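A.B. asks: Sequence:
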Amino acid sequence: MMNWLKDLPLEQISETLAGFFAFWARITDGVPAGQLPLIVYAVCSALVLVLWLLVMRLIPRPFKGISWVFVAAVLFAPGQAAGNTGEIAPAMLGVFHAILMKDFLGALSAAVPIFAVFAALLVVGAVWQMARSVIAANAEKQQQTLQIQEQRRQYLQAQNQHSNEAE
1 MMNWLKDLPL EQISETLAGF FAFWARITDG VPAGQLPLIV YAVCSALVLV LWLLVMRLIP
61 RPFKGISWVF VAAVLFAPGQ AAGNTGEIAP AMLGVFHAIL MKDFLGALSA AVPIFAVFAA
121 LLVVGAVWQM ARSVIAANAE KQQQTLQIQE QRRQYLQAQN QHSNEAE
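Residue 127 in UniProt numbering is what sits at position 127 of the sequence shown, and the numbering runs on without skipping anything.
The hints are simulated quantities; they were obtained by calculation from the structure and are not laboratory data. Just so we're clear, the structure is a prediction, and the values are computed from it rather than from any experiment. We treat Cβ as the ideally placed atom computed from N, Cα and C, and that holds for glycine. Errors might be hidden in some of the hints.
To be verified - Pairwise CB distance ranges (calculated): (1) Asn160 with Val124: 20 to 30 Å; (2) Phe115 with Arg61: 18 to 28 Å; (3) Val48 with Leu105: 20 to 30 Å; (4) Glu165 with Pro62: 43 to 53 Å; (5) Leu53 with Ile99: 24 to 34 Å; (6) Ala22 with Leu51: 20 to 30 Å.
Start from the sequences and build out the full structure, keeping to the hints where you can.
C.D. replies: This is how it looks when you write it as C-alpha cells:
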C-alpha cells in the first residue's frame, strides 16, 4: 500500500514547485503588499473552483452544478473579520472563528452571507439553464425547419425531373 508513496518522483515535484514559486514571485513582484493577500486569495479560490470541476465527475448529475455553486458561495461570500474591526473578509472565516469560540449562534449569523450568495448563484444558474434550453430549442426548431425545406426542395426537384421526362 505504501509503494505508491515510495514511487513518487519527489525531485520532479520539487522542481515543479520551485518553478511555480519563481513564476509566482515574478508575477507578484510589482504588487503592493496590501493587495497581495487579496490577489492570493482570489487566485487560490479560482484554483479551488477549477479543481472542483474534477471532483464534480464523481457527483451525480443534478448535484454537480449545485455543489460548484456552494463551493463558490463559501469561497466568495463577503463577511467581517474577527473582532468586529469592520474589515471585509471571507464569510467562512467568521464561521470558523465562531465555531472555534463555541459561539454557534455567531456561526449561524456569520453564515448568512454564504446562504445569500448561494441563493443568488442558484437563481443565476436557474436563469442560465432556462436561457440555454430556450436557445437549444430554437436551434433545434431552426434545424428541423431547414431539414423540411431541404426535403421539400428535393421533392419539387424530383417532380420537375419526372414532368420533364414525361414531356
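A.B. asks: Determine for every hint whether it applies to the structure shown.
C.D. replies: Verification of the hints:
1. The hinted range of 20 to 30 Å is not satisfied by Asn160 and Val124, whose Cβ atoms lie roughly 54 Å apart.
2. The beta-carbon spacing between Phe115 and Arg61, approximately 24 Å, falls within the hinted interval of 18 to 28 Å.
3. The supplied range of 20 to 30 Å is met by Val48 and Leu105, whose beta-carbon atoms lie about 28 Å from each other.
4. The supplied range of 43 to 53 Å is broken by Glu165 and Pro62, whose beta-carbon atoms lie about 59 Å from each other.
5. Evaluation of the 24 to 34 Å hint for Leu53 and Ile99 yields a pass: the beta carbon distance comes to about 28 Å.
6. One distance hint, 20 to 30 Å for the beta-carbon pair Ala22 and Leu51, holds here, with the actual separation near 22 Å.
Figure legend: structure checked against the earlier numbered hints; hints not met, in rising order: 1 and 4.
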